[in-house]
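Enquirer: Please model the complete structure; the sequences and the hints are all you need to start from.
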Amino acid sequence: MYIPAHFDESRPDVLHQLMTEHPFGTLVSNSAAGLDANHLPFHLDPAQGALGTLHVHVARANPLWQELKDGDEVLVIFRAGDAYISPSWYPSKAELHRQVPTWNYMVAHAHGRVRIRDDERYVRGMVARLTRTHEATLPAPWKMSDAPAEFVDTLLRAIVGIEIEITRLQGKRKLSQNKDERDLRGAGQAVVARGGASGADAVGQAMLAAADARSSSDPAAR
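Residue numbers (my numbering): 17 to 238.
Hints were generated in silico from the structure; no laboratory data involved. Heads up, a few of these hints could be off.
[To be verified] Straight-line alpha carbon distances no greater than 25 Å define the calculated DMTMM-like cross-link-like pairs of lysine to aspartate or glutamate that follow:
1) 188 <-> 89
2) 109 <-> 29
3) 109 <-> 98
4) 85 <-> 135
Expert: As C-alpha coordinates, then:
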(Lines of atoms letter the chains of each structure in order from A and count residues from 1; the text may use other names and numbers.)
(Lines give C-alpha, C1' and ligand atoms only; values in the text may rest on other atoms or scores of the structure.)
Protein backbone atom coordinates (compact mmCIF):
# COMPACT_ATOMS: atom_id res chain seq x y z
CA MET A 1 0.00 0.00 0.00
CA TYR A 2 1.29 3.45 -0.93
CA ILE A 3 1.46 5.56 2.24
CA PRO A 4 2.68 9.19 2.03
CA ALA A 5 4.18 10.41 5.31
CA HIS A 6 1.17 12.67 6.01
CA PHE A 7 -1.16 9.68 6.11
CA ASP A 8 0.97 7.01 7.79
CA GLU A 9 -0.52 5.26 10.83
CA SER A 10 1.88 2.70 12.30
CA ARG A 11 0.80 2.52 15.96
CA PRO A 12 -0.29 -1.08 16.67
CA ASP A 13 -2.79 -0.04 19.36
CA VAL A 14 -4.54 2.37 16.96
CA LEU A 15 -4.65 -0.24 14.21
CA HIS A 16 -5.87 -2.91 16.64
CA GLN A 17 -8.70 -0.59 17.66
CA LEU A 18 -9.68 -0.04 14.03
CA MET A 19 -9.67 -3.80 13.39
CA THR A 20 -11.72 -4.50 16.53
CA GLU A 21 -14.31 -1.81 15.80
CA HIS A 22 -14.57 -2.81 12.12
CA PRO A 23 -14.03 -6.59 12.20
CA PHE A 24 -15.54 -7.42 8.81
CA GLY A 25 -12.39 -7.73 6.73
CA THR A 26 -11.26 -8.91 3.31
CA LEU A 27 -8.91 -11.91 3.31
CA VAL A 28 -6.69 -11.79 0.22
CA SER A 29 -4.77 -14.94 -0.64
CA ASN A 30 -2.64 -16.24 -3.50
CA SER A 31 -2.44 -19.99 -3.98
CA ALA A 32 -2.02 -22.41 -6.86
CA ALA A 33 -5.63 -21.59 -7.72
CA GLY A 34 -4.71 -17.91 -8.14
CA LEU A 35 -5.69 -14.72 -6.35
CA ASP A 36 -8.75 -14.94 -4.13
CA ALA A 37 -10.64 -12.55 -1.84
CA ASN A 38 -13.07 -13.59 0.88
CA HIS A 39 -15.14 -11.21 3.01
CA LEU A 40 -15.32 -12.48 6.58
CA PRO A 41 -15.88 -11.44 10.23
CA PHE A 42 -12.61 -11.65 12.19
CA HIS A 43 -11.80 -11.87 15.88
CA LEU A 44 -8.54 -10.21 16.92
CA ASP A 45 -6.54 -11.40 19.91
CA PRO A 46 -4.05 -8.52 20.35
CA ALA A 47 -2.10 -10.37 23.06
CA GLN A 48 -1.39 -13.48 20.99
CA GLY A 49 1.92 -13.01 19.17
CA ALA A 50 4.05 -9.92 18.69
CA LEU A 51 1.43 -8.05 16.64
CA GLY A 52 -1.68 -10.03 17.49
CA THR A 53 -3.48 -12.96 15.89
CA LEU A 54 -6.65 -13.04 13.80
CA HIS A 55 -9.20 -15.84 14.05
CA VAL A 56 -11.83 -16.54 11.41
CA HIS A 57 -13.87 -19.37 9.95
CA VAL A 58 -15.07 -20.31 6.48
CA ALA A 59 -17.65 -22.74 5.17
CA ARG A 60 -16.27 -26.23 4.67
CA ALA A 61 -17.59 -25.96 1.11
CA ASN A 62 -15.30 -22.95 0.54
CA PRO A 63 -12.15 -24.27 -1.22
CA LEU A 64 -10.01 -21.60 0.45
CA TRP A 65 -9.04 -23.71 3.46
CA GLN A 66 -7.83 -26.52 1.19
CA GLU A 67 -5.99 -24.23 -1.23
CA LEU A 68 -4.01 -22.63 1.61
CA LYS A 69 -1.23 -24.42 3.48
CA ASP A 70 0.07 -23.77 6.97
CA GLY A 71 2.62 -20.98 6.75
CA ASP A 72 1.19 -19.38 3.60
CA GLU A 73 1.17 -15.58 3.60
CA VAL A 74 -2.10 -13.68 3.36
CA LEU A 75 -3.33 -10.10 3.66
CA VAL A 76 -6.41 -8.99 5.58
CA ILE A 77 -7.83 -5.54 4.84
CA PHE A 78 -9.99 -3.66 7.35
CA ARG A 79 -11.86 -0.45 6.42
CA ALA A 80 -13.11 2.13 8.90
CA GLY A 81 -14.97 4.28 6.39
CA ASP A 82 -14.44 6.53 3.40
CA ALA A 83 -15.75 9.87 2.13
CA TYR A 84 -15.64 11.97 -1.02
CA ILE A 85 -14.04 15.37 -0.47
CA SER A 86 -15.19 18.27 -2.65
CA PRO A 87 -12.73 21.14 -3.28
CA SER A 88 -15.59 23.54 -2.51
CA TRP A 89 -15.40 22.45 1.15
CA TYR A 90 -11.94 24.04 1.56
CA PRO A 91 -12.22 27.72 2.57
CA SER A 92 -9.04 28.49 0.63
CA LYS A 93 -10.68 27.38 -2.60
CA ALA A 94 -12.71 30.60 -2.78
CA GLU A 95 -9.52 32.63 -2.51
CA LEU A 96 -6.95 30.67 -4.50
CA HIS A 97 -8.99 28.27 -6.68
CA ARG A 98 -6.17 25.74 -6.35
CA GLN A 99 -7.95 22.70 -4.92
CA VAL A 100 -9.17 19.47 -6.51
CA PRO A 101 -11.48 16.61 -5.42
CA THR A 102 -10.09 13.70 -3.44
CA TRP A 103 -11.25 10.73 -1.38
CA ASN A 104 -10.45 10.23 2.32
CA TYR A 105 -10.43 6.90 4.16
CA MET A 106 -9.04 4.91 7.08
CA VAL A 107 -7.70 1.38 6.58
CA ALA A 108 -5.51 -1.23 8.24
CA HIS A 109 -3.59 -3.96 6.40
CA ALA A 110 -2.65 -7.04 8.41
CA HIS A 111 -0.10 -9.31 6.75
CA GLY A 112 0.26 -12.72 8.30
CA ARG A 113 0.87 -16.46 8.17
CA VAL A 114 -1.96 -18.95 8.02
CA ARG A 115 -2.64 -21.99 10.16
CA ILE A 116 -5.63 -24.14 9.20
CA ARG A 117 -7.62 -25.19 12.29
CA ASP A 118 -9.94 -28.02 11.26
CA ASP A 119 -10.86 -29.11 14.76
CA GLU A 120 -14.15 -28.85 16.60
CA ARG A 121 -12.76 -27.42 19.85
CA TYR A 122 -11.08 -24.47 18.10
CA VAL A 123 -14.10 -23.70 15.93
CA ARG A 124 -16.54 -23.92 18.84
CA GLY A 125 -14.45 -21.55 20.95
CA MET A 126 -14.00 -19.06 18.12
CA VAL A 127 -17.72 -18.97 17.28
CA ALA A 128 -18.53 -18.52 20.97
CA ARG A 129 -16.16 -15.54 21.22
CA LEU A 130 -17.57 -13.94 18.08
CA THR A 131 -21.09 -14.43 19.39
CA ARG A 132 -20.33 -12.96 22.82
CA THR A 133 -18.62 -9.95 21.26
CA HIS A 134 -21.34 -9.02 18.80
CA GLU A 135 -24.34 -9.94 20.95
CA ALA A 136 -23.05 -8.10 24.03
CA THR A 137 -24.81 -4.80 23.29
CA LEU A 138 -28.18 -6.32 22.38
CA PRO A 139 -31.09 -6.21 24.85
CA ALA A 140 -31.39 -10.01 24.90
CA PRO A 141 -28.03 -11.48 23.78
CA TRP A 142 -28.25 -14.77 21.92
CA LYS A 143 -26.06 -17.61 23.22
CA MET A 144 -25.01 -20.81 21.52
CA SER A 145 -26.81 -22.71 24.25
CA ASP A 146 -30.10 -21.12 23.09
CA ALA A 147 -30.11 -23.52 20.11
CA PRO A 148 -30.39 -27.31 20.36
CA ALA A 149 -26.96 -28.90 20.91
CA GLU A 150 -27.29 -31.28 17.97
CA PHE A 151 -28.21 -28.38 15.67
CA VAL A 152 -25.15 -26.38 16.75
CA ASP A 153 -22.91 -29.45 16.41
CA THR A 154 -24.09 -29.98 12.83
CA LEU A 155 -23.37 -26.37 11.90
CA LEU A 156 -19.93 -26.43 13.55
CA ARG A 157 -18.98 -29.45 11.46
CA ALA A 158 -19.81 -27.41 8.37
CA ILE A 159 -17.12 -24.76 9.03
CA VAL A 160 -13.31 -24.72 9.28
CA GLY A 161 -11.20 -22.36 11.35
CA ILE A 162 -8.27 -20.28 10.12
CA GLU A 163 -5.72 -18.66 12.42
CA ILE A 164 -3.55 -15.83 11.10
CA GLU A 165 -0.45 -14.75 13.00
CA ILE A 166 0.09 -11.10 12.13
CA THR A 167 3.65 -10.47 10.96
CA ARG A 168 3.29 -6.91 9.65
CA LEU A 169 0.78 -4.10 10.21
CA GLN A 170 0.27 -1.12 7.94
CA GLY A 171 -2.21 1.67 8.43
CA LYS A 172 -3.34 4.66 6.43
CA ARG A 173 -5.52 7.51 7.69
CA LYS A 174 -6.04 9.84 4.73
CA LEU A 175 -7.82 12.75 6.37
CA SER A 176 -6.57 15.83 4.48
CA GLN A 177 -3.68 16.21 6.94
CA ASN A 178 -1.70 17.74 4.06
CA LYS A 179 -4.03 20.76 4.14
CA ASP A 180 -3.88 23.70 6.52
CA GLU A 181 -6.01 23.65 9.67
CA ARG A 182 -8.91 25.74 8.32
CA ASP A 183 -9.23 23.61 5.16
CA LEU A 184 -8.98 20.41 7.19
CA ARG A 185 -11.70 21.63 9.55
CA GLY A 186 -13.93 23.02 6.81
CA ALA A 187 -13.89 19.75 4.87
CA GLY A 188 -14.42 17.73 8.03
CA GLN A 189 -17.47 19.77 8.97
CA ALA A 190 -18.91 19.32 5.48
CA VAL A 191 -18.42 15.55 5.60
CA VAL A 192 -20.17 15.31 8.99
CA ALA A 193 -23.03 17.54 7.83
CA ARG A 194 -23.49 15.54 4.64
CA GLY A 195 -23.46 12.15 6.36
CA GLY A 196 -23.98 9.17 4.09
CA ALA A 197 -22.97 5.55 3.89
CA SER A 198 -19.57 3.82 3.97
CA GLY A 199 -18.66 5.29 7.35
CA ALA A 200 -18.37 8.84 6.03
CA ASP A 201 -19.34 10.30 9.40
CA ALA A 202 -16.45 8.47 11.08
CA VAL A 203 -14.06 9.96 8.52
CA GLY A 204 -15.49 13.44 9.09
CA GLN A 205 -15.16 13.12 12.87
CA ALA A 206 -11.57 11.92 12.48
CA MET A 207 -10.83 14.93 10.27
CA LEU A 208 -12.20 17.28 12.93
CA ALA A 209 -10.16 15.52 15.62
CA ALA A 210 -7.06 15.97 13.45
CA ALA A 211 -7.90 19.67 13.05
CA ASP A 212 -8.32 20.04 16.82
CA ALA A 213 -4.96 18.34 17.39
CA ARG A 214 -3.34 20.62 14.82
CA SER A 215 -4.83 23.70 16.46
CA SER A 216 -3.83 22.73 20.01
CA SER A 217 -0.24 21.92 19.03
CA ASP A 218 0.31 24.88 16.70
CA PRO A 219 -0.63 28.34 18.07
CA ALA A 220 -0.21 29.80 14.58
CA ALA A 221 -3.05 27.60 13.32
CA ARG A 222 -5.58 29.13 15.74
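Enquirer: Going through the numbered hints above, which ones does this structure break? Give me the numbers in ascending order.
Expert: Violated: hint 2 alone.
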